[in-house]
Amino acid sequence: MIRLEGITKRFGAVGKPSVDDVTIEMPEGTTTALIGPSGCGKTTTMRMINRMVEPSAGRIFIEGQDVTGLDPVTLRRRIGYVIQQIGLFPHMTVAENIGTVPHLLGWSRAKIEKRIDELLALVGLEPERFRSVMPHRLSGGQRQRVGVARALAADPPVMLMDEPFGAIDPIARERLQDEFKEILKRVRKTIVMVTHDLDEAMKMGDRVAIMREGRLIQYATPDEILAAPADAFVEAFVGPDRALKRLSLRGVDALMRPGSVADAPTIASGASVREALARLIGSGARSVNVRGADGAVLGHVTRDAILDGADAAA
Amino acid sequence: MSLIAGTFSWVAAHWDLMRTALIQHAEMSIWSLGLGLAIGIPLAISVLGSERLAAFVINIINMLRTIPSLAILAAALPLLGIGLVPSVVALVVLALPPILLNTYIGLREVDADLVDAAAGMGMTRGQILRKIQIPLAAPAIFAGMRTAAIQVISGATLASFIGGGGLGDFITSGIAVMDQQRLLAGAVPIAILAMGVEILLGFAERRLLRNVREGGDTR
Ligand SMILES: Nc1ncnc2c1ncn2[C@@H]1O[C@H](COP(=O)(O)OP(=O)(O)OP(=O)(O)O)[C@@H](O)[C@H]1O
Ligand SMILES: [Mg+2]
Numbered sequence: 001m002i003r004l005e006g007i008t009k010r011f012g013a014v015g016k017p018s019v020d021d022v023t024i025e026m027p028e029g030t031t032t033a034l035i036g037p038s039g040c041g042k043t044t045t046m047r048m049i050n051r052m053v054e055p056s057a058g059r060i061f062i063e064g065q066d067v068t069g070l071d072p073v074t075l076r077r078r079i080g081y082v083i084q085q086i087g088l089f090p091h092m093t094v095a096e097n098i099g100t101v102p103h104l105l106g107w108s109r110a111k112i113e114k115r116i117d118e119l120l121a122l123v124g125l126e127p128e129r130f131r132s133v134m135p136h137r138l139s140g141g142q143r144q145r146v147g148v149a150r151a152l153a154a155d156p157p158v159m160l161m162d163e164p165f166g167a168i169d170p171i172a173r174e175r176l177q178d179e180f181k182e183i184l185k186r187v188r189k190t191i192v193m194v195t196h197d198l199d200e201a202m203k204m205g206d207r208v209a210i211m212r213e214g215r216l217i218q219y220a221t222p223d224e225i226l227a228a229p230a231d232a233f234v235e236a237f238v239g240p241d242r243a244l245k246r247l248s249l250r251g252v253d254a255l256m257r258p259g260s261v262a263d264a265p266t267i268a269s270g271a272s273v274r275e276a277l278a279r280l281i282g283s284g285a286r287s288v289n290v291r292g293a294d295g296a297v298l299g300h301v302t303r304d305a306i307l308d309g310a311d312a313a314a
Numbered sequence: 001m002s003l004i005a006g007t008f009s010w011v012a013a014h015w016d017l018m019r020t021a022l023i024q025h026a027e028m029s030i031w032s033l034g035l036g037l038a039i040g041i042p043l044a045i046s047v048l049g050s051e052r053l054a055a056f057v058i059n060i061i062n063m064l065r066t067i068p069s070l071a072i073l074a075a076a077l078p079l080l081g082i083g084l085v086p087s088v089v090a091l092v093v094l095a096l097p098p099i100l101l102n103t104y105i106g107l108r109e110v111d112a113d114l115v116d117a118a119a120g121m122g123m124t125r126g127q128i129l130r131k132i133q134i135p136l137a138a139p140a141i142f143a144g145m146r147t148a149a150i151q152v153i154s155g156a157t158l159a160s161f162i163g164g165g166g167l168g169d170f171i172t173s174g175i176a177v178m179d180q181q182r183l184l185a186g187a188v189p190i191a192i193l194a195m196g197v198e199i200l201l202g203f204a205e206r207r208l209l210r211n212v213r214e215g216g217d218t219r
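Residue numbers (my numbering), protein chains in the order written: chain A, 1 to 314; chain B, 1 to 219.
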């Protein structure tokens, strides 16, 4: 768990604070997406957690421990850190990059090697092939995987990620987001992820923290934020299509009824209600069949069910 | 007898003198380069934190660089007397600017994001310097060392004026007595020495820095 208590940061002696009295409690094992307009203080807020920036006021607790009293170096070795530019060390191999923190912590060589292979496999890179590759030979997506593997190396309870997909092209980004979501679910860390992409925040965050001019405006689940924006700023920020966005957060399976409908288009189980709606609009059909991973039809969803569901939720 | 053959026979006839001068020349150069590195690299590292301090130190070093070597030697004479010590002092002044400047720029140009990533992962200042900044600045540091080595070897010729010895002795005395063979016996070995060291260091650089460029274990 990470708790910020009245955190404020002023860079200059005068002027408005960059981060203004932010209080937030991020439950253990959840991902919090920090989002807001450029310059609103997302990165600064995140960097105060590992004391890369010292707060001007307020306190920060990680698992109940006040970090403002800890040695920053020791603290940082317990916190995974991924920056937008990834920051792989160009003169070290993939393995050496991943082994950085374990090495600093004085792990045995054998333990480090084992951990490196484990992590490469976790992020979907074949250990034999990638261990001794230099970073400049990797694609953007591969680099980001190595960056995440490196942050996970010493199994830190907390991970900080600043726009982890920022340097990745849009097509690869979506796939990487999906994969990372799976990986992060598996490792169960308390994660703070800075982003300025709303869809990314909604997709990756169990909770979303919306900031504006240094202040925390709303901290809630994506669905809560879309259903009930805290103020006009959040409402404008999430956009006029928030009802549609909510549909993309919901699985189609919840609205499913038994039985298959003849001549209806099909959609995979686990797809979002929004995708189902798109299929319905695209095909002109009144129902869509839901198919399981084995290809068998599990049931169907009707147009009315989707619209009624949207009504009920609004 | 041709000049070249004459020079060879002069060298053969004065082999002991020649060997002593060569050793003196090398000794002077090695001391000066070593001290230049020992002062220049830590100095560059210590001013890394403050741009104002760095500008101040670099300006002083650049000012020293504009003084002709011979003037430095002449200035060292009343202070330090004659011989090896004042010569080395003057040559260190010659070696310092390229070492300091290259090291400073090399270290400073290491990508700030890499330093940030390293600090964020829990490296101490010293570890960041040792594991990230110095390895990545190594090519620049090496380039500074090469320039300094050549300048020192050439500059050591002038040590002859203040009794520092070395191959420059043959040049000064060669000019004084208008003996071309003696003059060449000094000039040619200096040229060969300088070129040889340049080639050797270039070779060493490629060998040593392959790790940095290709990223072997630098820890
Ligand atoms: N080291 C610093 N010195 C002075 N001002 C800073 C520093 N770091 C950040 N700021 C200021 O603090 C404010 C918040 O910056 P921050 O980087 O946290 O914003 P951000 O929300 O991450 O923005 P972006 O989306 O553009 O990355 C900005 O006005 C920025 O100029
Ligand atoms: Mg930022």
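A few of these clues could be false.
Simulated DEER-style distance windows between Cβ atoms [to be verified]:
| hint | chain 1 | residue 1 | chain 2 | residue 2 | range |
| --- | --- | --- | --- | --- | --- |
| 1 | A | 240 | B | 109 | 32 to 40 Å |
| 2 | B | 139 | A | 110 | 53 to 61 Å |
| 3 | A | 179 | B | 108 | 51 to 59 Å |
| 4 | A | 124 | B | 26 | 34 to 42 Å |
| 5 | A | 243 | B | 49 | 51 to 59 Å |
| 6 | A | 270 | B | 46 | 57 to 65 Å |
| 7 | B | 208 | A | 140 | 25 to 33 Å |
Chain B residues, not near chain A, derived (Cβ > 12 Å throughout) [claimed, not checked]:
| hint | residue |
| --- | --- |
| 8 | 60 |
| 9 | 61 |
| 10 | 122 |
| 11 | 123 |
Note that these hints are calculated values from the structure, not bench results.
C-beta: ideal position from N, C-alpha, C; glycine also.
(Q) For each hint given before, does the structure comply? Return the numbers of the non-compliant ones in rising order. (A) 1, 2, 3, 4, 10 and 11
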